[in-house]
Amino acid sequence: MSIKEPFYLASGKEIEVFEHASINKLPVLLKGPTGTGKTRFIEYMAYKLNRHCITISCHEETSATDLIGRFIIKGAETIWLDGPLTTAVRNGAIIYLDEVAEARPDVIVAIHSLTDFRRELYLDKLAEKVIAHPDFLLVASFNPGYQRGFKELKPSTRQRFVAIPFNFPRPEAEIQILVAESGVPDEVAKRLVAIGNKIRNLNEVGLAETVSTRLLVDAAKLIQSGLPRRLAVRSAVVEPLSDDPQVIDALTDLCNLMI
Amino acid sequence: MSFDEFLYSKFLKYFSSLRKNDEELLQKQVELDELRPKLTLFARALTGSSIEIVPAEREGGCKGGYFFVPEKLSLFSNKEQNTALYIFRVLFMAIQWQMKLNLAAGEEQPVAISRKKAMDSWDSIGPYLSNDFPFAIELHDGLKQLLDEIAVNSKSPPDYSWLYGKWMPDNHVDSNQNQMNAPADLDSRHLLPKPITTLKSKAVEEVSTLTVDKKMQEDYVMTHNFEKVETAEEFNGVWRDFDGSDQLEDHQDALDELNMKFMVRSDEMVHSVYQAEFAENTSVAESKAIDETERCFEYDEWDYKKEIYKRSFCKVFSGRPGKSDPDYCARVMSENKSTLDTLRKMLADVSNKRRQVRYQTQGNNFDVDAVTDMFVEIKSGVTPTEKIYYSDRKNEKDIAILILLDNSLSTDSYAAGNRVIDVEKQVSLLFGEILNEYEIDFSIASFFSRTRNNTSYIALKEFDEPWFKAKGKVGAIEPNGYTRIGASLRHAGAMLNSRSAKNKWIILISDGKPNDYDRYEGKYGIHDVKQSLKELNVNNINVFALAIEAQARYYLPQMFGANHYQILTNPKEMLTALVKLFTKIRQL
Chain B
1 MSIKEPFYLA SGKEIEVFEH ASINKLPVLL KGPTGTGKTR FIEYMAYKLN
51 RHCITISCHE ETSATDLIGR FIIKGAETIW LDGPLTTAVR NGAIIYLDEV
101 AEARPDVIVA IHSLTDFRRE LYLDKLAEKV IAHPDFLLVA SFNPGYQRGF
151 KELKPSTRQR FVAIPFNFPR PEAEIQILVA ESGVPDEVAK RLVAIGNKIR
201 NLNEVGLAET VSTRLLVDAA KLIQSGLPRR LAVRSAVVEP LSDDPQVIDA
251 LTDLCNLMI
Chain U
1001 MSFDEFLYSK FLKYFSSLRK NDEELLQKQV ELDELRPKLT LFARALTGSS
1051 IEIVPAEREG GCKGGYFFVP EKLSLFSNKE QNTALYIFRV LFMAIQWQMK
1101 LNLAAGEEQP VAISRKKAMD SWDSIGPYLS NDFPFAIELH DGLKQLLDEI
1151 AVNSKSPPDY SWLYGKWMPD NHVDSNQNQM NAPADLDSRH LLPKPITTLK
1201 SKAVEEVSTL TVDKKMQEDY VMTHNFEKVE TAEEFNGVWR DFDGSDQLED
1251 HQDALDELNM KFMVRSDEMV HSVYQAEFAE NTSVAESKAI DETERCFEYD
1301 EWDYKKEIYK RSFCKVFSGR PGKSDPDYCA RVMSENKSTL DTLRKMLADV
1351 SNKRRQVRYQ TQGNNFDVDA VTDMFVEIKS GVTPTEKIYY SDRKNEKDIA
1401 ILILLDNSLS TDSYAAGNRV IDVEKQVSLL FGEILNEYEI DFSIASFFSR
1451 TRNNTSYIAL KEFDEPWFKA KGKVGAIEPN GYTRIGASLR HAGAMLNSRS
1501 AKNKWIILIS DGKPNDYDRY EGKYGIHDVK QSLKELNVNN INVFALAIEA
1551 QARYYLPQMF GANHYQILTN PKEMLTALVK LFTKIRQL
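Listed in order, the protein sequences are those of chains B and U.
Residues in the first sequence are numbered from 1 upward in steps of one, following this note's numbering.
Residues in the second sequence are numbered from 1001 upward in steps of one, following this note's numbering.
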């Protein structure tokens, strides 16, 4: 659990939904594009509920063994080492599986028994059934794409979760976030948010990812620490989005008219 | 062409070329073609809508989803200033477009009034700009000052129309417009004669579509304007016969002087094409359904405005190519032998990475986790497991791939010095060779359309057809017709549905621009393609689009979404991209 309360500005009723899911011990799925505050929300909720939070960033090599645990050999002894999921199940922590769709299919199979009424984890290597601590909460996130194909979460898996959608905050809220996170004056935050919203208009025009609140916060931090505004925006907002010189050129011109 | 016409045109061309090659002009001139990608992105970011940037007859304006800007600018003394004027024009029009400051639909005003209205609109647009784009005011003032300086030097009043453009009537195509009969030739599925000469026209801002008056055409009275040596007649209400003969190049200079405001649709096949880049209201109505005795497949089409399907709206005729060209295939194979070998090697490396199967009673090596388990069991007094090995097995995946080639007339164009259709054919042959070697279930088909009544789906290789029999047919396809992507994708999906593979993919090779004779274009076309992709996804069929034409960047992302398309700058990259995609599909 964080010692200091993380800053989080609610954009809807997500806090209430999460609290009720926690009371009812229901797994939660956070869905939304990159940089919309999913991870920050979990940190905030862990603080608010006074629970320890273990975050696992899933990737294509993340396997069930990585989460559940494995035997290691120490001298002539074999010692069992709990994985982060088992630790969370035993101790009653929040386990946050970030980008769960990226993980190997066996991860999804391993968490199935934790997502329904059983709330138990079977450790096949120990032949042990671990009943989840009452405070244990499973939270996963994923970024839904427009077309399926390469990485997706099966509908049968999605049905096991209570889902909370995340999107970019309203301009007024986003300005508040920028000011709180970086300390920039309101006027600068307002300009950065306006730039963000203009570039977000382009999400159907070839940018794989668009401007997240995180990128805007980064730009605000660079400005606050003294980097010239246009250079800060170019470095923190424009360049991370594309490598296409024409796109960079167009976005730079756009930003330069606005800040 | 008579001798005096010939002589005059030679003189005219000589003097025009002198003017065009002015060094000083080239130093400061900026052309729309080089700025268009940037301006398009700029306009779309500002408006949040799929705006198209098109050349204007002069200063331009905006209407519908089109921003008209000058084709070239050399007003100011350097490129930076002229580029800045383009940027300001787009910014100005974006706000004008959002505030809906324009003439009403159908309203006609003298150009001086339209320009004045645009200039006066600065009073509303300026405050908006100063709020959201503070540096745009600086830009505006700088450009205005430059125009004032030009006026002082030329001792004439300043021409601010370059800065503010003019208002245009906001024309909308009436979606309930009556249906029309498509020209007879378009509904036929036989190969039409190809145009011999194609020239690009000057910019066109407005087109009115006229219905051919057959009676007046028969009663045609010959008229001529004798003050010109070369003549091409503007439409003046007198109808004359169409003949479709190819004399375009002889009359290009005269054509450039024409006001191209009127358009008719003719069923006469032409041999010359004077190509104007304009798409706003050129398609007048959708085709009437025709009764077809031949067996065809009927598919729905999505009407995004009404959010309903038009049931059984498109007819798809599935056929086989009439001829084959085995020599073409042999030539491509021998010319690309080394490329093919490199790709084989690349794929072999991937294929050799075998899948590790753990907990086996026998295998290549010890499985460390299994051995650890065995120790645990021995220590616990339990009979230890014998499954302590891992074995490498060949990673065979259950895949069906359908390569769908767009062979509409747009593939007759060139990208990076290569004819697009040739690239498509070569790439399909080479990729087909590889898929065949890896025993993948695949099919190759091409498509083109001529109205909703006639989408041709040509199966160059059926799924169950041996490759050695099919590959000769790939060389025989030629550019033809239009691009009704939605109906073609739906039919390709139906073909894939019959396959038992779990992992089904359509790889579409196209410029991605939905386009057909009967209003299948713009937003309508894009939304229909998006809808067809959703239908395919429901059936667990994935689609990936590849293009080599630069203009694909305006269409593909809107339809296919991130990670599901690739635009290549060079045709040679296409084959590598396909093999990489195949590798990715295999690893899923």
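Hints are computed from structural coordinates only; laboratory data are not their basis.
Predicted, not measured: the structure shown is a model, and the values here were computed from it.
Glycine is no exception: its CB is placed at the ideal position from the N, C-alpha and C atoms.
Take the hints with a grain of salt, since some may be wrong.
To be verified - Covered stretches of chain U, going by a simulated chain B footprint (3 or more residues, C-beta under 8 Å): (1) 1034-1047; (2) 1061-1071; (3) 1131-1139.
Assertion that chain B covers the region 1061-1071 of chain U - criterion: three or more residues, beta-carbon distance below 8 Å | Violated: only 0 residues of the region 1061-1071 of chain U have a Cβ under 8 Å from chain B.
The region 1131-1139 of chain U covered by chain B? Criterion: 3 or more residues, Cβ-Cβ distance below 8 Å.
-> holds (count 6)
Under a C-beta cut-off of less than 8 Å, do 3 or more residues of the region 1034-1047 of chain U approach chain B closely enough to confirm the stated coverage?
-> holds (count 9)
In summary, the structure is inconsistent with hint 2 from the numbered list given earlier, while agreeing with all the others.
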